[in-house]
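For reference, the chains in residue letters:
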Amino acid sequence: MYLKYLDEKLPVKETGTTTVGLVCKDGVVVAAEKKSTLGYLVASKESEKIFPIDDRIAMTIAGVSGDAQTLVRYMRAELKLFEVENKRKISVKGAATLLANILQSNKIFPYYVQLIVAGFDDSGPAIFSLDAIGGLEEEKKFFSTGSGSPIALGVLEDGYKPEISVEEGARLAIRAIKAAIERDIGSGGKAIDVAKITKEGISIERHEL
Amino acid sequence: MYLKYLDEKLPVKETGTTTVGLVCKDGVVVAAEKKSTLGYLVASKESEKIFPIDDRIAMTIAGVSGDAQTLVRYMRAELKLFEVENKRKISVKGAATLLANILQSNKIFPYYVQLIVAGFDDSGPAIFSLDAIGGLEEEKKFFSTGSGSPIALGVLEDGYKPEISVEEGARLAIRAIKAAIERDIGSGGKAIDVAKITKEGISIERHEL
Amino acid sequence: MYLKYLDEKLPVKETGTTTVGLVCKDGVVVAAEKKSTLGYLVASKESEKIFPIDDRIAMTIAGVSGDAQTLVRYMRAELKLFEVENKRKISVKGAATLLANILQSNKIFPYYVQLIVAGFDDSGPAIFSLDAIGGLEEEKKFFSTGSGSPIALGVLEDGYKPEISVEEGARLAIRAIKAAIERDIGSGGKAIDVAKITKEGISIERHEL
Amino acid sequence: MYLKYLDEKLPVKETGTTTVGLVCKDGVVVAAEKKSTLGYLVASKESEKIFPIDDRIAMTIAGVSGDAQTLVRYMRAELKLFEVENKRKISVKGAATLLANILQSNKIFPYYVQLIVAGFDDSGPAIFSLDAIGGLEEEKKFFSTGSGSPIALGVLEDGYKPEISVEEGARLAIRAIKAAIERDIGSGGKAIDVAKITKEGISIERHEL
Amino acid sequence: MYLKYLDEKLPVKETGTTTVGLVCKDGVVVAAEKKSTLGYLVASKESEKIFPIDDRIAMTIAGVSGDAQTLVRYMRAELKLFEVENKRKISVKGAATLLANILQSNKIFPYYVQLIVAGFDDSGPAIFSLDAIGGLEEEKKFFSTGSGSPIALGVLEDGYKPEISVEEGARLAIRAIKAAIERDIGSGGKAIDVAKITKEGISIERHEL
Amino acid sequence: MYLKYLDEKLPVKETGTTTVGLVCKDGVVVAAEKKSTLGYLVASKESEKIFPIDDRIAMTIAGVSGDAQTLVRYMRAELKLFEVENKRKISVKGAATLLANILQSNKIFPYYVQLIVAGFDDSGPAIFSLDAIGGLEEEKKFFSTGSGSPIALGVLEDGYKPEISVEEGARLAIRAIKAAIERDIGSGGKAIDVAKITKEGISIERHEL
Amino acid sequence: MYLKYLDEKLPVKETGTTTVGLVCKDGVVVAAEKKSTLGYLVASKESEKIFPIDDRIAMTIAGVSGDAQTLVRYMRAELKLFEVENKRKISVKGAATLLANILQSNKIFPYYVQLIVAGFDDSGPAIFSLDAIGGLEEEKKFFSTGSGSPIALGVLEDGYKPEISVEEGARLAIRAIKAAIERDIGSGGKAIDVAKITKEGISIERHEL
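Protein chains in written order, with numbering that gives the first Met the number 0: chain A, 0 to 208; chain B, 0 to 208; chain C, 0 to 208; chain D, 0 to 208; chain E, 0 to 208; chain F, 0 to 208; chain G, 0 to 208.
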């Protein structure tokens with residue numbers, strides 16, 4: 000029922016979206032454009048789609064904004080709680096598994112999202128993709144979500160090399176998202192956000208188009 | 000189920016509506032026309048669509064009147080409670096996040112609304128848009144909701160300038176809503192309400208057509 | 000049946016499109032952006048949407064490309080035939096009526112289009128809008144078609160003045176289409192085409208974005 | 000009706016397909032992979048998807064094999080007839096327009112195809128894309144059809160440069176199709192066919208994977 | 000409409016069927032089991048599914064018996080006519096193309112069949128597969144049709160070798176069909192028919208199970 | 000409802016998949032390819048589909064990833080609990096029956112999966128297949144799940160012999176999955192995982208393609 | 000809803016099945032073939048379809064395996080409980096009534112089964128048939144369930160005589176199931192299981208085909 004409303008009746012913002020995540024030798028890169036839509040209307044050209052949820056872990060969101068933002072708020076609270084209770088930071092895999100469990104346990108009225116959890120922990124850089132009901136996959140190279148993802152994947156398949164540095168990875172991520180913006184009507188906006196996550200932490204830069 | 004009744008069976012008032020909100024250098028402006036409909040019938044030409052919910056925060060409503068008015072009552076009560084419990088006023092962002100949580104937690108039987116929360120707090124002027132299930136976006140320039148919003152957005156895209164004053168913003172808001180009234184059957188009525196929110200508080204004026 | 004295929008199955012290019020037409024004191028202006036789509040994919044960023052069909056008459060197209068282009072080819076042939084048979088040019092109203100008849104006579108398997116016929120003849124400047132089954136309306140001020148038309152109409156309602164000159168009209172048309180490109184995911188591309196039709200004939204200019 | 004059968008009942012081969020076409024400074028390049036499918040089954044790993052229809056004009060096909068192959072047979076016969084009747088070769092644009100007319104005149108029971116017509120004539124290299132009901136677009140840079148086209152377009156958007164040579168174009172086309180094969184379940188097979196069309200004529204090479 | 004009756008209303012015999020065809024170094028082999036069904040009922044355990052249509056060309060049929068048998072009769076008559084008119088036998092490719100044209104020209108009310116045309120002509124052994132609307136593919140190695148074809152293809156993919164002899168090919172074909180009979184409820188019967196087509200002509204043998 | 004979402008709306012990863020399991024004289028073999036899909040897109044080429052759930056018991060998964068992974072996590076926890084409570088390892092049959100009960104008790108909102116539970120216990124090697132609502136079958140020879148299973152079953156029907164050794168069984172399993180990868184668009188990836196389960200425990204090897 | 004899933008989406012094993020039950024003068028006979036299906040695929044050739052649930056009572060199952068097997072597990076537990084609580088064995092009629100109550104109470108999400116409960120108690124031999132929602136009928140002569148039941152009933156109508164002995168009844172049951180296997184694509188497998196229930200208890204024999 001619920002999903003049917005989304006399309007047909009309810010005025011709900013969606014992030015058509017292109018997000019990408021790359022595993023690099025010294026960290027991970029995640030990037031996203033900034034457009035959100037409400038049916039055929041551009042609802043925003045300045046949407047946030049990359050959210051730090053811990054010192055060295057970030058999420059990217061695609062899908063229905065209200066659902067995705069709620070999950071970000073949950074995860075931030077859960078990770079803080081984890082740290083307090085366990086006196087240590089959660090691993091990237093731990094955060095992704097926690098999120099998968101939240102998604103799966105809501106599968107009857109699912110969150111309409113596609114997510115990337117990316118971060119850097121004691122095991123080094125790691126990226127996980129999650130679908131709407133908690134399907135979880137560790138990505139050893141790269142991943143992309145949202146309506147523009149097939150286009151971005153074309154660029155990544157063609158240009159990704161193992162042992163890529165975070166700097167090179169960020170440039171490749173921008174090229175992938177630029178191509179998606181050119182060809183996907185659900186992606187766009189005025190800038191691309193690029194987050195580099197290394198052992199130093201998360202730095203998010205805005206790349207004007 | 001519920002939404003299906005709305006269209007097909009239940010005699011329910013809806014605000015087809017055009018509302019706009021603009022961030023100005025010295026405050027925010029929100030404006031709305033005053034028509035509401037019941038099916039194809041004009042139910043009222045004097046509907047209120049702008050509601051102060053705190054000294055310097057207002058909401059605009061679009062969608063099903065009964066849902067939206069309930070949310071206004073909730074918010075007024077919650078903000079009073081917040082002030083009592085915390086001995087301070089809530090920020091605009093805090094009010095908007097609270098409203099987003101209410102909307103998201105009702106997503107199985109959602110409120111059929113599109114809302115703007117606008118206000119002035121210690122950080123200055125701020126506008127947030129919310130969709131029916133709590134998708135929340137801070138608007139740095141302007142936003143519009145309701146059936147007439149594409150038309151109003153045309154005027155705002157064309158005429159908005161950063162660092163606009165509240166006075167100029169009010170005039171631009173009126174022009175945007177006038178254009179929407181001309182071209183959207185869901186918008187109309189005898190007057191336009193315009194609220195200016197500055198550090199002095201909220202002042203709502205009626206602009207006769 | 001046929002229309003159902005268009006949406007659900009057939010790989011068919013559509014011009015989501017924003018086109019506008021304005022009646023000016025010394026001629027008419029028509030303008031259009033240049034994006035065409037294939038589902039969610041941008042099929043082209045350089046689509047032609049303004050077609051001269053006679054010395055001083057042009058058509059703009061919105062909808063399914065294959066249908067609209069066919070109508071352009073028909074009209075060009077028909078207007079040549081008219082000239083040969085009648086030893087005079089057809090009037091703008093005559094051309095629009097002819098096109099309406101073609102559309103109406105195909106209403107069982109309709110052309111999936113929204114059209115503007117604009118031109119300059121002995122009676123001066125004239126603009127006609129046509130829907131998919133031949134609904135014909137003379138526009139005394141301005142008109143807009145396509146998915147971005149509500150946004151463009153916002154700008155035109157706000158900015159159009161009677162007795163506008165072709166030069167001013169062209170500038171207003173560009174502002175209207177720019178606003179639509181900003182807010183309609185079906186409109187875009189790299190440039191705006193603007194045609195000025197005066198008693199001197201048709202001149203089409205490309206306005207880079 | 001007919002299209003409904005295609006999906007639900009009739010055992011019909013489809014070329015999920017990725018084809019690309021590029022305009023180069025000294026000719027055009029078209030390329031395609033070689034997989035065809037029958038529902039979830041791989042029907043062939045050696046399908047032909049590039050068909051010369053004249054000395055210097057070729058077609059690529061995507062969609063339902065039976066429909067596309069029929070169009071190839073029509074076009075070959077029509078172009079021979081044209082040459083006999085007109086004592087000259089048809090132009091690339093002429094061939095594409097002829098094909099558009101065939102497609103449009105069958106739109107009630109449409110051919111379920113997506114086509115590229117590419118060639119070299121007195122005006123130089125030219126590429127046209129056609130959709131199922133004859134929507135025709137001259138492509139100034141490149142185009143791609145079929146289920147893998149978004150992925151291929153990613154590579155082409157990222158890697159295409161104006162004034163590319165046919166040799167470079169062929170390498171880029173192969174990279175684009177390779178990426179599509181990696182990520183599109185409808186594309187694959189054992190080799191990529193690449194056709195270079197220059198003023199010398201058409202040469203098709205098989206690039207083993 | 001017609002196809003809908005087949006499933007739901009009309010009592011029509013179908014050959015669920017497994018047929019296979021293999022290209023061998025000295026000829027071609029086609030084989031088929033002998034069950035036909037009427038809904039869930041086994042209509043026959045002795046159906047013919049291999050039909051010689053010329054001295055050295057045979058067809059296998061899968062799908063609706065009445066449709067397929069009609070096509071066999073057409074082809075036999077057409078090939079005789081061809082021989083009389085042209086004073087020579089048709090090539091295997093010629094026969095297959097002729098059949099493709101018949102199927103394509105009936106695509107509005109299609110023949111519900113999947114066919115293999117296999118034979119030996121001056122160019123040596125050749126196999127063509129045809130789908131319901133005339134999609135035609137030359138098979139360089141092997142092909143299989145009908146509900147049991149995925150299972151048979153498993154055996155053929157695993158066991159086929161280039162330069163296989165007709166004798167070996169016949170044994171592999173029998174193994175493929177046996178596996179399909181074991182696992183496909185639409186395939187069965189009391190025996191497998193195997194046709195060897197070499198330059199000597201067609202010999203059909205019955206292999207009891 | 001839920002299943003309807005899976006196909007039409009929700010972005011959910013599925014393992015089109017081919018998995019096989021064989022009972023051998025000295026153990027069991029399970030094998031799987033490594034592709035997962037998201038609609039027409041290849042979501043991963045490195046998916047895990049074989050999961051040890053105890054020292055000598057493993058599960059293979061096919062269907063919706065999020066559902067299957069959840070069941071793996073449940074089973075691992077349940078088997079640990081069983082061991083603690085009962086001071087002994089569960090039998091393969093016991094594990095399969097436990098899983099069947101979990102599946103059956105969720106049949107209103109079923110897990111969209113097809114599973115094999117394979118292992119070695121005091122009774123020797125054993126394989127059980129389970130469908131989405133807990134239909135449980137002990138397989139005395141071999142089984143296969145997923146979109147490529149008919150093709151794999153062809154190879155297994157043709158090549159399986161009782162009293163096969165684990166080494167031979169592993170080679171046959173690889174041949175079966177290779178054939179499925181060739182002919183099933185839902186199966187693929189860069190390697191085949193093969194698990195041999197004997198009384199020594201589970202060893203999983205990666206077989207590069 | 001649930002039943003719709005079974006047909007269209009869920010990979011669920013079904014026993015197309017032929018089972019028969021005969022009342023004989025000195026006991027009852029039940030028999031079943033051993034094939035189960037998954038759509039068009041033969042999922043197993045060695046399915047169990049006769050289950051003893053007490054010393055002298057057995058059930059046969061047809062329909063969805065997961066549902067039927069669950070009912071067998073329930074019944075075994077319930078009958079043990081009955082014996083403990085009542086210090087006596089339940090009657091055949093009591094067992095059948097208990098099962099009918101379970102089926103009826105789940106009619107909102109029904110078990111997709113057709114069942115025979117057969118046994119010998121103080122009142123002598125007795126057979127009861129049950130449908131999916133608990134419709135219960137005592138069969139005084141014979142009964143048959145599953146897709147092959149019309150064919151089996153043909154043989155039973157023809158050959159059954161009152162006062163038949165268990166030995167003769169077993170031979171008749173085998174003939175009935177053999178005929179069904181020949182003509183029903185949902186029935187088959189490598190053997191027929193035949194259970195004779197007399198005052199001595201249950202003996203199940205396997206009759207190879």
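Treat the hints with care, as some may be off.
[What the hints assert, rightly or not] Mimicking SDA-like on lysine to any residue, the simulated pairs with C-alpha atoms at most 25 Å apart in a straight line are: (1) E:Lys139 with D:Ile203; (2) C:Lys106 with D:Ile101; (3) G:Lys189 with E:Ser46; (4) D:Lys139 with C:Gly38; (5) D:Lys88 with C:Arg72; (6) E:Lys140 with D:Ile101; (7) G:Lys79 with F:Glu204; (8) B:Lys139 with A:Ala190; (9) D:Lys140 with C:Lys139; (10) F:Lys189 with D:Glu181; (11) E:Lys44 with G:Asn85; (12) D:Lys140 with C:Lys198; (13) D:Lys160 with A:Glu167; (14) B:Lys88 with A:Arg72; (15) G:Lys189 with E:Lys139; (16) C:Lys44 with D:Glu162; (17) D:Lys79 with E:Lys140; (18) A:Lys44 with B:Ser122; (19) G:Lys177 with E:Glu47; (20) D:Lys79 with D:Ile101; (21) C:Lys160 with B:His206; (22) B:Lys139 with A:Glu167.
What the hints contain is simulated information worked out from the structure, not anything from laboratory work. Bear in mind the structure is a predicted one, so any value in this text is a computation, not a measurement.
Run through the hints listed earlier and report the numbers of any the structure violates, in increasing order.
Hints 6, 7, 9, 11, 12, 15, 17, 22 not satisfied by this model.
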